[in-house]
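Colleague: Using the sequences and the hints, build the whole thing.
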Amino acid sequence: MGDRPCVGPRGRGRLGRGGQDVPRGDAALGHGGGGGWTTGRAGRGLRQRRPTGGAGQGTGRAVGGTGSGLGRRRRVVRNPATKVLTRRQAVDRYGPGRDFKLAFTNGCFDLLHPGHVDYLSQARQRADALVVGVNTDASVRRLAKGPDRPLVDERARAEVVAALESVDAVTLFDEDTPAALIAALLPDVLLKGGDYEPEEIVGRETVEAGGGEVVLIPFREGYSTTSLVARIRGEERGT
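Every number in our numbering is 268 more than the matching position in the sequence shown, counting from 1.
Where hints are given, some of them may not hold.
With a straight-line Cα cutoff of 25 Å, these simulated SDA-like cross-link-like pairs (lysine to any residue) come out [said to hold, decoys possible]:
{"hint": "1", "residue 1": "K413", "residue 2": "A448"}
{"hint": "2", "residue 1": "K413", "residue 2": "Y464"}
{"hint": "3", "residue 1": "K413", "residue 2": "L440"}
{"hint": "4", "residue 1": "K413", "residue 2": "R423"}
{"hint": "5", "residue 1": "K413", "residue 2": "P466"}
{"hint": "6", "residue 1": "K413", "residue 2": "L379"}
{"hint": "7", "residue 1": "K413", "residue 2": "D386"}
{"hint": "8", "residue 1": "K413", "residue 2": "D444"}
{"hint": "9", "residue 1": "K413", "residue 2": "G462"}
{"hint": "10", "residue 1": "K413", "residue 2": "E443"}
{"hint": "11", "residue 1": "K413", "residue 2": "F441"}
{"hint": "12", "residue 1": "K413", "residue 2": "H381"}
{"hint": "13", "residue 1": "K413", "residue 2": "G365"}
{"hint": "14", "residue 1": "K413", "residue 2": "G461"}
{"hint": "15", "residue 1": "K413", "residue 2": "E467"}
{"hint": "16", "residue 1": "K413", "residue 2": "E468"}
{"hint": "17", "residue 1": "K413", "residue 2": "P382"}
{"hint": "18", "residue 1": "K413", "residue 2": "E465"}
{"hint": "19", "residue 1": "K413", "residue 2": "Q393"}
{"hint": "20", "residue 1": "K413", "residue 2": "P486"}
{"hint": "21", "residue 1": "K413", "residue 2": "D367"}
{"hint": "22", "residue 1": "K413", "residue 2": "V428"}
{"hint": "23", "residue 1": "K413", "residue 2": "A424"}
{"hint": "24", "residue 1": "K413", "residue 2": "E427"}
{"hint": "25", "residue 1": "K413", "residue 2": "F368"}
Derived from the structure by calculation, the hints contain no laboratory data. Fair warning: this is a prediction, and the values are worked out from it, not measured in the lab.
Modeller: In structure tokens form, the structure reads like this:
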């Protein structure tokens with residue numbers, strides 16, 4: 269991916285556990301599949317879930333309704349725009365009380381490239397469903413990505429990410445960090461790019477307090493939104 273996903277100022281996102289108990293990840297401190305670093309506590313008294321790309325594979329994306337497992341009462345989503353949810357919708361469908369394993373990650377995703385696609389594909393393999401938080405335009409501008417960023421508006425960025433088969437839902441967040449969104453969803457797996465240190469990850473303490481895990485996924489070399497933007501600007505100047 270090259271660039272870190274946009275999360276704003278680094279920090280641990282010191283939030284309380286909040287909400288009801290959720291299904292716990294089954295990975296203890298160690299290395300996850302695919303070379304990712306993981307941390308978390310094993311679930312107590314819960315059946316283990318197999319890591320799978322499972323629910324929703326095939327000709328469309330199967331998405332669970334409110335309070336339903338992804339394997340039951342599924343509906344096939346063919347229009348990516350319908351996978352872009354408000355925060356309330358995302359919490360209703362994927363928040364505490366679910367009976368499936370949820371992964372979460374976030375970023376700006378301005379000029380989606382193969383590094384992003386690979387990262388999100390790996391993220392999806394960690395759980396039964398993947399929700400992606402995307403920074404709003406105002407949030408991106410506050411992160412000082414550059415005077416002309418984002419190049420693509422928030423709705424278009426959200427729809428492009430939602431079009432990926434690996435992504436079950438996308439929701440926009442306007443804050444500098446996704447801390448509040450993470451606290452509302454309480455994912456079982458929180459994923460970040462491999463150039464983060466575990467203690468830098470916003471939302472880590474919230475997820476681990478709920479029995480979840482944090483996974484760092486190595487970036488795919490050779491891809492960076494910043495370098496793509498610089499290349500485009502150079503070509504516009506004739507350099």
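Colleague: None of the hints should be skipped; say for each whether it holds.
Modeller: For each hint, the structure was consulted:
Proposed proximity of K413 and A448 is supported: the alpha carbons are some 22 Å apart, at most 25 Å. For the given pair, K413 sits about 18 Å from Y464 by alpha-carbon distance, which is consistent with the 25 Å threshold. The suggested pairing of K413 with L440 holds, with an alpha-carbon distance near 18 Å, which does not exceed 25 Å. Of the supplied pair hints, the one linking K413 and R423 holds, its CA atoms being roughly 18 Å apart against a limit of 25 Å.
Restraint check for K413 and P466: satisfied, since their Cα atoms lie roughly 23 Å apart, inside the 25 Å limit. Note on K413 and L379: the hinted pairing holds, with a Cα-Cα distance of about 13 Å set against a maximum of 25 Å. Between K413 and D386 the CA atoms are separated by roughly 22 Å; this keeps the pair inside 25 Å, and the hint holds. For the given pair, K413 sits about 13 Å from D444 by alpha-carbon distance, which is consistent with the 25 Å threshold.
The suggested pairing of K413 with G462 holds, with an alpha-carbon distance near 20 Å, which does not exceed 25 Å. Between K413 and E443 the alpha-carbon distance is near 15 Å, which keeps this suggested pair within the 25 Å criterion. Between K413 and F441 the alpha-carbon distance is near 17 Å, which keeps this suggested pair within the 25 Å criterion. A hinted pair counts as satisfied when its Cα atoms are at most 25 Å apart, and K413 with H381 qualifies at roughly 17 Å.
At most 25 Å may separate the alpha-carbon atoms for a hinted pair to count; K413 and G365 exceed this at roughly 37 Å. The hinted pair formed by K413 and G461 meets the criterion: a straight-line CA distance of about 17 Å does not exceed 25 Å. Under the criterion of a C-alpha separation no larger than 25 Å, the hint pairing K413 with E467 is consistent with the structure, at around 23 Å. Distance check on the hinted pair: K413 and E468 sit about 19 Å apart at the alpha-carbon level, within 25 Å; holds.
About 20 Å separates the Cα atoms of K413 and P382, which keeps this hinted pair within 25 Å; it holds. A distance of roughly 21 Å separates the Cα atoms of K413 and E465; the hinted pair therefore holds under the 25 Å criterion. Restraint check for K413 and Q393: the C-alpha separation of about 30 Å exceeds 25 Å, so the hint is violated. The straight-line distance between the Cα atoms of K413 and P486 is roughly 22 Å, inside the 25 Å bound, and the hint therefore holds.
At roughly 38 Å between alpha-carbon atoms, K413 and D367 are farther apart than 25 Å, so this suggested pair is violated. Restraint check for K413 and V428: the C-alpha separation of about 20 Å stays at or below 25 Å, so the hint holds. A threshold of 25 Å between alpha carbons decides the hint, and for K413 with A424 the separation of about 18 Å falls inside it, so the pair holds. For a cut-off of 25 Å, the pair hint linking K413 to E427 stands: about 21 Å separates their Cα positions.
Proximity of K413 to F368 is assessed by CA-CA distance (about 36 Å); at most 25 Å being required, the pair is judged violated.
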